[in-house]
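*Asks:* Residue numbers (the UniProt record's numbering), protein chains in the order written: chain A, 1 to 367; chain B, 1 to 367.
Just to be clear, a hint being listed does not mean it is correct.
Since the list can't tell identical chains apart, any single copy or any two copies may satisfy a pair.
Unchecked claim - With a cut-off of at most 30 Å between alpha-carbon atoms, the simulated DSSO-like pairs for lysine-lysine come out as follows:
hint : residue 1 : residue 2
1    : 153       : 359
2    : 320       : 93
3    : 304       : 320
4    : 169       : 304
5    : 195       : 325
6    : 153       : 188
7    : 153       : 68
8    : 163       : 55
9    : 325       : 59
10   : 320       : 163
11   : 359       : 55
12   : 59        : 323
13   : 294       : 153
14   : 364       : 294
15   : 195       : 153
16   : 188       : 163
17   : 325       : 359
18   : 359       : 132
19   : 153       : 163
20   : 73        : 188
21   : 169       : 325
22   : 364       : 93
Hint data in this document are derived by calculation from the structure and do not stem from the laboratory.
Protein chains: 2
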Amino acid sequence: MQHSHSHKVDNRNELSLPYASDFHVHLRQDTLMRMVVPRILEGGVSLCYVMPNLKPPIKTTEQALFYKAQLEKLAPSVTFLMSLYLSPDLTPKEIRHAKRHGIVGVKSYPRGVTTNSDSGIESYTAYYPVFKAMEKEGMILNLHGELPSDHDKDICVLNAEEKFLVHLKQIHADFPNLKIVLEHATTKAAVDMVKSLGDTVGCTITVHHLQLVVDDWAGQSHNFCKPVAKYPHDRQALREVVAEGHSRFFLGTDSAPHPAHLKECAHACAGVFTTPLAIPYLVTILESFGALDKLQGFACEFGKRFYGVEEKKHTHEGGKERKIKLVRETWAVPDSFIYGHDEDEEGESGVVVPFWAGKVLTWKIER
Amino acid sequence: MQHSHSHKVDNRNELSLPYASDFHVHLRQDTLMRMVVPRILEGGVSLCYVMPNLKPPIKTTEQALFYKAQLEKLAPSVTFLMSLYLSPDLTPKEIRHAKRHGIVGVKSYPRGVTTNSDSGIESYTAYYPVFKAMEKEGMILNLHGELPSDHDKDICVLNAEEKFLVHLKQIHADFPNLKIVLEHATTKAAVDMVKSLGDTVGCTITVHHLQLVVDDWAGQSHNFCKPVAKYPHDRQALREVVAEGHSRFFLGTDSAPHPAHLKECAHACAGVFTTPLAIPYLVTILESFGALDKLQGFACEFGKRFYGVEEKKHTHEGGKERKIKLVRETWAVPDSFIYGHDEDEEGESGVVVPFWAGKVLTWKIER
Numbered sequence: 001m002q003h004s005h006s007h008k009v010d011n012r013n014e015l016s017l018p019y020a021s022d023f024h025v026h027l028r029q030d031t032l033m034r035m036v037v038p039r040i041l042e043g044g045v046s047l048c049y050v051m052p053n054l055k056p057p058i059k060t061t062e063q064a065l066f067y068k069a070q071l072e073k074l075a076p077s078v079t080f081l082m083s084l085y086l087s088p089d090l091t092p093k094e095i096r097h098a099k100r101h102g103i104v105g106v107k108s109y110p111r112g113v114t115t116n117s118d119s120g121i122e123s124y125t126a127y128y129p130v131f132k133a134m135e136k137e138g139m140i141l142n143l144h145g146e147l148p149s150d151h152d153k154d155i156c157v158l159n160a161e162e163k164f165l166v167h168l169k170q171i172h173a174d175f176p177n178l179k180i181v182l183e184h185a186t187t188k189a190a191v192d193m194v195k196s197l198g199d200t201v202g203c204t205i206t207v208h209h210l211q212l213v214v215d216d217w218a219g220q221s222h223n224f225c226k227p228v229a230k231y232p233h234d235r236q237a238l239r240e241v242v243a244e245g246h247s248r249f250f251l252g253t254d255s256a257p258h259p260a261h262l263k264e265c266a267h268a269c270a271g272v273f274t275t276p277l278a279i280p281y282l283v284t285i286l287e288s289f290g291a292l293d294k295l296q297g298f299a300c301e302f303g304k305r306f307y308g309v310e311e312k313k314h315t316h317e318g319g320k321e322r323k324i325k326l327v328r329e330t331w332a333v334p335d336s337f338i339y340g341h342d343e344d345e346e347g348e349s350g351v352v353v354p355f356w357a358g359k360v361l362t363w364k365i366e367r
Numbered sequence: 001m002q003h004s005h006s007h008k009v010d011n012r013n014e015l016s017l018p019y020a021s022d023f024h025v026h027l028r029q030d031t032l033m034r035m036v037v038p039r040i041l042e043g044g045v046s047l048c049y050v051m052p053n054l055k056p057p058i059k060t061t062e063q064a065l066f067y068k069a070q071l072e073k074l075a076p077s078v079t080f081l082m083s084l085y086l087s088p089d090l091t092p093k094e095i096r097h098a099k100r101h102g103i104v105g106v107k108s109y110p111r112g113v114t115t116n117s118d119s120g121i122e123s124y125t126a127y128y129p130v131f132k133a134m135e136k137e138g139m140i141l142n143l144h145g146e147l148p149s150d151h152d153k154d155i156c157v158l159n160a161e162e163k164f165l166v167h168l169k170q171i172h173a174d175f176p177n178l179k180i181v182l183e184h185a186t187t188k189a190a191v192d193m194v195k196s197l198g199d200t201v202g203c204t205i206t207v208h209h210l211q212l213v214v215d216d217w218a219g220q221s222h223n224f225c226k227p228v229a230k231y232p233h234d235r236q237a238l239r240e241v242v243a244e245g246h247s248r249f250f251l252g253t254d255s256a257p258h259p260a261h262l263k264e265c266a267h268a269c270a271g272v273f274t275t276p277l278a279i280p281y282l283v284t285i286l287e288s289f290g291a292l293d294k295l296q297g298f299a300c301e302f303g304k305r306f307y308g309v310e311e312k313k314h315t316h317e318g319g320k321e322r323k324i325k326l327v328r329e330t331w332a333v334p335d336s337f338i339y340g341h342d343e344d345e346e347g348e349s350g351v352v353v354p355f356w357a358g359k360v361l362t363w364k365i366e367r
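Next comes chain A alone, as it looks inside the complex (with noise of 0.2 Å):
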């Protein structure tokens, strides 16, 4: 079942492509936001469409743009997409009006599945004005595609992202013109009903769900997001829809860190930390399963085509596009990224553990 073993092997050295675009990205706040801003360039991407589950939530456009500017100062050359938080409080008239201000779509969250989502939302219709008026504005609706647990219905993490897929099917009918991203695809199920729809609807897919099934969280908690990693079968079709180089199926990390302590400990937060090593872990990962020369439609070019968005102009120089060089080389991932700890530096401060921490990656991004 598995096509590891019968890959296409690339015997480049050598690779050059253009700064990639992730489009699902947490970057947080105060000094964990400090720590991560930096590295999205390092990671070799220079667009960051980004998550809205901030505490509080962005709710407003207000809140959107300053937090963009929080961003930019700290990355003047990459190009940051905002999102709002889907929640009541969010009307038709606040969607015109982030259009106008650049916003590029709206996260729905069911209530209380992964970290900072308490503020979620239970039920679609009542927000249908709300897709309308995106739909007219062309505005993006980026789904966290899973229904709460509840035991007595059989619903539990295994099965919340196959039981969620009814609702993205209805989404996507009654509203056709609207663009619909299913983020951070897990299952065959999810990836073979995106398929199924319309060229309105997206999805993007991780770096570590193209590497992790079920064993690696079990107890591991560096490994721990939501939606957790499913079957072997299911990463499988992650990597296949990957492989055939389907355009609607295009890179958003989903990298969320945590605190180190408040991984290993008792009670671990969902989050997997790929930002600072984005590419190298994706370019070694798709390699691994004989897909490297679909790596710049994937991480490039899909996302921005069905965004439909541009970039700065100044991520190129001299009219020349800037590009990132990779280079064949085995180095290991950092244990960990420090963070808050410049003296005169406010908050809190700590280490985050990355993905694969220790492991050893077979590409690395020349500087």
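Take the given structure of chain A and dock chain B to it, following the hints.
*Replies:* The following block gives chain B in isolation, referenced to the frame of chain A:
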């Protein structure tokens, strides 16, 4: 699907029952053993079937008897039934020797699936001469019923038990008079399979698998054990077979203490610690799904009947059976149990966090 809201209400405020039997327990070594073993009676248990996965594993009669003597010294009134670890070192001759010295069974671990299982087996037919001798001598075969993960074959911790069941069926078909126990069942598939087989096939169910589902160990290391807890419908199947009073399904806690620092870390050890409160947990949980009337059969009778074993005479006093008295009382599970802290004690020290630490139980054993 779930019946938790329609169960029988039990208005009793006191329960009296014989001390229970735990047909699957890890009692450890050294300081940890010296903390755990005196707590067996506290938990309402007076008979233990002891797992052999020590460091090194118990592979000979002499090792088992040496370990048994250590346990009996710590808890003289508890009956310890001993087992050997199935490995290529085990011969039909050793089986006969073991039987003569009161060893009760042989535990089979697939290689690498749980704590200290690196010496586990890879194929069953190689052990058929041993099984033949066990069948003749009347020894029990205890199966850790999981296949090792193999992602190319889509085998992972979620389906490892279900995919193992063909082996159970085959061994039973080849040795119909060999008593086999499928240990710590976690799936509807396992319950259905055991029910479909003959009277020589039994099955243990843990306390924690009557309560946990996958959501409970996602990021929560103290609920992480092997086999992992599965879907809500699997838990429901375990609850139903207990509520039905099926006499081939009986208590085996698989209580498996680990130091807290080996749980609250990047790679948590697998195991849930229930020994000190085994029966209070069980009574609280059975009552939650209306199966309190099946407590005595499940915890005290069915296992001994299946094994055909008697307890030591000194668990009775003055000709009267010693009983435990449970009273309805809400009280909190301790946050931890200290081990190895006596000044004159050699060996490691630390704490073990029990199952449901800090949560409220509704029944207590009256001392």
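*Asks:* Under a CA distance limit of 30 Å, which applies to residue 153 and residue 163: within one copy, between copies, both, or neither?
*Replies:* both (11 Å within a copy, 25 Å between copies)
*Asks:* Using 30 Å as the alpha-carbon threshold, which applies to residue 364 and residue 93: within, between, both, or neither?
*Replies:* neither (46 Å within a copy, 59 Å between copies)
*Asks:* Under a CA distance limit of 30 Å, which applies to residue 364 and residue 294: within one copy, between copies, both, or neither?
*Replies:* within (18 Å within a copy, 61 Å between copies)
*Asks:* State whether the alpha carbon distance between residue 304 and residue 320 is at most 30 Å within one copy, between copies, both, or neither.
*Replies:* within (19 Å within a copy, 80 Å between copies)
*Asks:* What label fits residue 73 with residue 188 when the C-alpha limit is 30 Å: within, between, both, or neither?
*Replies:* neither (40 Å within a copy, 55 Å between copies)
*Asks:* One pair to classify: residue 153 and residue 68, alpha carbons no more than 30 Å apart. Within, between, both, or neither?
*Replies:* neither (41 Å within a copy, 46 Å between copies)
*Asks:* I want to check one pair: residue 163 and residue 55. Are their C-alpha atoms no more than 30 Å apart within a copy, between two copies, both, or neither?
*Replies:* within (28 Å within a copy, 44 Å between copies)
*Asks:* Are the CA atoms of residue 320 and residue 93 at most 30 Å apart within a copy, between copies, both, or neither?
*Replies:* Classified as neither; 40 Å inside a copy, 80 Å across copies.
*Asks:* Since the copies are identical, ignore which copy is meant and state whether residue 325 and residue 359 lie within 30 Å (CA to CA) inside a copy, between copies, both or neither.
*Replies:* within (22 Å within a copy, 54 Å between copies)
*Asks:* At most 30 Å between C-alpha atoms: does residue 169 with residue 325 qualify within a copy, between copies, both, or neither?
*Replies:* Neither way: residue 169 and residue 325 sit 40 Å apart in one copy and 56 Å across, limit 30 Å.
*Asks:* Measure nothing new, just compare the shortest in-copy and cross-copy C-alpha distances for residue 325 and residue 59 to 30 Å and report within, between, both or neither.
*Replies:* neither (38 Å within a copy, 57 Å between copies)
*Asks:* Treating 30 Å as the Cα threshold, decide for residue 188 and residue 163: within, between, both or neither.
*Replies:* both (12 Å within a copy, 20 Å between copies)
Violated hints for the displayed structure, listed by number in ascending order: 2, 5, 7, 9, 10, 12, 18, 20, 21 and 22.
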